[in-house]
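Enquirer: These protein sequence lines map, in sequence, to chains A and B. Each residue of the first sequence is one higher than the one before, starting from 0 at the first, in numbering that gives the first Met the number 0. Each residue of the second sequence is one higher than the one before, starting from 0 at the first, in numbering that gives the first Met the number 0.
Possibly wrong hints are sitting among the right ones.
[Unchecked claim] Cross-link-like lysine-lysine pairs, in silico, DSS-like; alpha carbons within 27 Å at most:
no.	chain 1	residue 1	chain 2	residue 2
1	B	79	B	315
2	B	169	B	75
3	B	286	B	315
4	B	286	B	251
5	B	79	A	80
6	B	286	B	246
7	B	286	B	244
8	A	80	B	261
9	B	224	A	80
10	B	228	A	80
11	B	251	B	224
12	B	75	B	315
To be clear, the hints were calculated from the coordinates, so they are not data collected in a lab. This structure is a prediction, so every number in the text was calculated from the model and none was measured.
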Amino acid sequence: MKSMRAAVAALATSGVLVLALPSVAQAEPTGRCYPEMACLYYNSNQAGALAQMYHIENYPAYLFTGTFNRGTGNGDTELLKNNAASADSRYWNQAVRVHFNSWYKGPYDVVEPQTRRNLNATYNNNASWNYHPNGV
Amino acid sequence: MLSEMNMKRTRISLLAMAVASGAVMAGYAASAGTDADAAGGDATSIAGSAKVRTLPIEQYLPTPAEFAKLSQAGGKLQQKCMQGLGFASFQAPEQGPADPRETFTDLRYGTVDAAQAARTGYKPAFVAARQNAKAGGPAAAAAADGPAPSAAVEPVLNDAEWLAMTGTTKEAGDLAKAKQAAPSQVQGKDIPPGGCIAESTRTLTGGGEQLYADLAQDINGQSYKESVKDSRVTKAFAAWSACMKGKGYSYKDPMQANDDPKFAVPTVSAEEIAVATADVACKNETKLVDVWHGAEAQIQQKMINAKAKEMDAIKKAKQTALAHVQ
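One chain only, chain A, in its complex shape:
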């Protein structure tokens, strides 16, 4: 799916459709992975568009109902759910985990504080996320 989208995007930027699409170069980045949050990326190795993961107590962020942040690179404004390839954490004291299914079900990828990881269990299958471990 991703390669198809990329191909379509490449076609678009090379052809007449270019005028109808916002240019990544022109768009002002609206977010990055700040301290005290973890981030998901559209591509592997923390490349492409990013989405910030924080405020887990709040609905609906923990179900990934949003999109990757506009203006942050390849895949920006794509749906966040089931579209993430890698993650990193800029928490210093809090691990997070990404679940394969909704409502914290299925296997999960753990991202420890100040580490990064190419997702495996949840590669293009990120459906919910939580702090790790889940506290009492």
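Fit chain B to the supplied structure of chain A, relying on the hints for placement.
Expert: Positioned in the frame of chain A, the structure of chain B alone reads:
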């Protein structure tokens, strides 16, 4: 200096209050005996919890409870490291214990607890507790989900503390390039590579920089993805699906029911409770979770065996780390 208001503790105490309020505890106690099938040598019951199923990968990855203990030990090491760098009064926050009901596999194969399903459908009990703990409930929570970075779960470090702790600057990010560009000293003292965080993990594991080794996590994900294609499991899915059909629901496997967009809302509907209850009954009737778990354990062990040398080193690092907390 650390923020005086330790939000992590606030969150934990709110959840603890909700748990202590009775309903949740009663539900878990009631569920203890519902999963009676004791087949399989690696499935046991613990007091106040549903059956615990273990997987071979737990020899290589910390369980949630182990990780909570290791984080506490890591915090003490970080504190010592920070004090060595001149932050004399630095204190690492206390790590709360992991939810004792949380095991490596408790939600891995979906909802299995009939009593919980009857109360909160596909949402684990802690979700309801979390939402109730927030003043204003789910609607206020959704409204509060703004774009500003949140420091709700950990104390905020000042710039110098951040540099010492992470080996990066707050502005530059955490990629290797940014680490190289960050100052190598703080208050005239050399920062260990990766800061006090990486230093503490190296001390715990005997040289590694992650408690969750990438290869072990990769196998943990891969074995699950293989398991849902295993013929024993697809056969059990079909039996489960037929059972659900008999109760008036059309889903091809339990995770499709769990992930039904109809249930992706904060409130629990009567329909969600009915479907989740039917799901658990059909899982029990078809022995689905035992079949699924058994198949995955076998697949996982093969994957571990195929990477024996690397996995042995990962197991040793985990054992080394656990020796610090036992």
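Enquirer: CA of residue 251(B) to CA of residue 224(B), is that 27 Å or under?
Expert: holds (16 Å)
Enquirer: Are the Cα positions of residue 286(B) and residue 244(B) separated by 27 Å at most?
Expert: With a Cα-Cα distance of about 17 Å, the restraint between residue 286(B) and residue 244(B) holds, given a limit of 27 Å.
Enquirer: Can you confirm whether the C-alpha distance between residue 286(B) and residue 315(B) stays at or below 27 Å?
Expert: violated (35 Å)
Enquirer: For residue 286(B) and residue 246(B), compute the direct alpha-carbon distance and say whether it is at most 27 Å.
Expert: Status holds; Cα separation ~17 Å.
Enquirer: Compare the distance between the alpha carbons of residue 286(B) and residue 251(B) with 27 Å, and conclude whether the hinted pair is satisfied.
Expert: Holds, at about 16 Å.
Enquirer: Is it true that the CA of residue 224(B) sits at most 27 Å from the CA of residue 80(A)?
Expert: holds (18 Å)
Enquirer: Given the hint that residue 169(B) pairs with residue 75(B), test it: the Cα-Cα distance must not exceed 27 Å.
Expert: Status holds; Cα separation ~23 Å.
Enquirer: Has the given pair, residue 228(B) with residue 80(A), been kept, meaning a C-alpha gap of at most 27 Å?
Expert: Given that 27 Å is the threshold and the Cα spacing comes to 22 Å, the pair holds.
Enquirer: Residue 80(A) and residue 261(B) were given as a pair; does the straight-line alpha-carbon distance stay at or below 27 Å?
Expert: The hint holds at about 16 Å.
Enquirer: When you check the alpha-carbon spacing of residue 75(B) and residue 315(B), does it fall within 27 Å?
Expert: holds (22 Å)
Enquirer: Is residue 79(B) close enough to residue 315(B), meaning Cα to Cα at most 27 Å?
Expert: Between residue 79(B) and residue 315(B) the Cα gap is close to 25 Å, so the pair holds against 27 Å.
Enquirer: Is residue 79(B) within 27 Å of residue 80(A), Cα to Cα?
Expert: Not satisfied, since the Cα-Cα distance of roughly 40 Å exceeds 27 Å.
Of the numbered hints stated above, those contradicted by the structure are hints 3, 5, listed in ascending order.
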